[in-house]
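J.: Sequence:
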Amino acid sequence: MESYCYFALKLNVCLGGVMLVCGLLLERRFGQCE
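28 is the number that our numbering gives to position 28 of the sequence shown; each next residue is one higher, with no gaps.
You may find that some hints are simply not true.
As the list claims (entries may be wrong) - Label-pair ranges, simulated between beta-carbon atoms: (1) Gln-32 / Ser-3: 30 to 38 angstroms; (2) Gln-32 / Glu-2: 39 to 47 angstroms; (3) Tyr-4 / Leu-24: 39 to 47 angstroms; (4) Cys-22 / Glu-2: 40 to 48 angstroms; (5) Ala-8 / Arg-28: 37 to 45 angstroms; (6) Tyr-4 / Gln-32: 39 to 47 angstroms; (7) Leu-26 / Tyr-6: 29 to 37 angstroms; (8) Glu-27 / Phe-7: 25 to 33 angstroms; (9) Tyr-4 / Leu-26: 42 to 50 angstroms; (10) Ser-3 / Gly-23: 27 to 35 angstroms.
Calculated directly from the structure, the hints in this document are not laboratory data. Note that the Cβ used here is the ideal one computed from N, Cα and C, for glycine as well.
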């Protein structure tokens, strides 16, 4: 159970990082369009 919680936490952090990077890339792309 402990390993599952650690995996879920790790996955959540990875997803958060991906969302953050995608958001920055989209913001930069739209910023260039303006």
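J.: Hint by hint, say whether it matches the structure.
T.: Hints, verified against the model:
{"no.": "1", "hint": "Gln-32 / Ser-3: 30 to 38 angstroms", "verdict": "violated, 43 angstroms"}
{"no.": "2", "hint": "Gln-32 / Glu-2: 39 to 47 angstroms", "verdict": "holds, 46 angstroms"}
{"no.": "3", "hint": "Tyr-4 / Leu-24: 39 to 47 angstroms", "verdict": "violated, 31 angstroms"}
{"no.": "4", "hint": "Cys-22 / Glu-2: 40 to 48 angstroms", "verdict": "violated, 31 angstroms"}
{"no.": "5", "hint": "Ala-8 / Arg-28: 37 to 45 angstroms", "verdict": "violated, 31 angstroms"}
{"no.": "6", "hint": "Tyr-4 / Gln-32: 39 to 47 angstroms", "verdict": "holds, 42 angstroms"}
{"no.": "7", "hint": "Leu-26 / Tyr-6: 29 to 37 angstroms", "verdict": "holds, 31 angstroms"}
{"no.": "8", "hint": "Glu-27 / Phe-7: 25 to 33 angstroms", "verdict": "holds, 30 angstroms"}
{"no.": "9", "hint": "Tyr-4 / Leu-26: 42 to 50 angstroms", "verdict": "violated, 32 angstroms"}
{"no.": "10", "hint": "Ser-3 / Gly-23: 27 to 35 angstroms", "verdict": "holds, 30 angstroms"}
The structure does not agree with the numbered hints 1, 3, 4, 5 and 9 stated previously, though it agrees with the rest.
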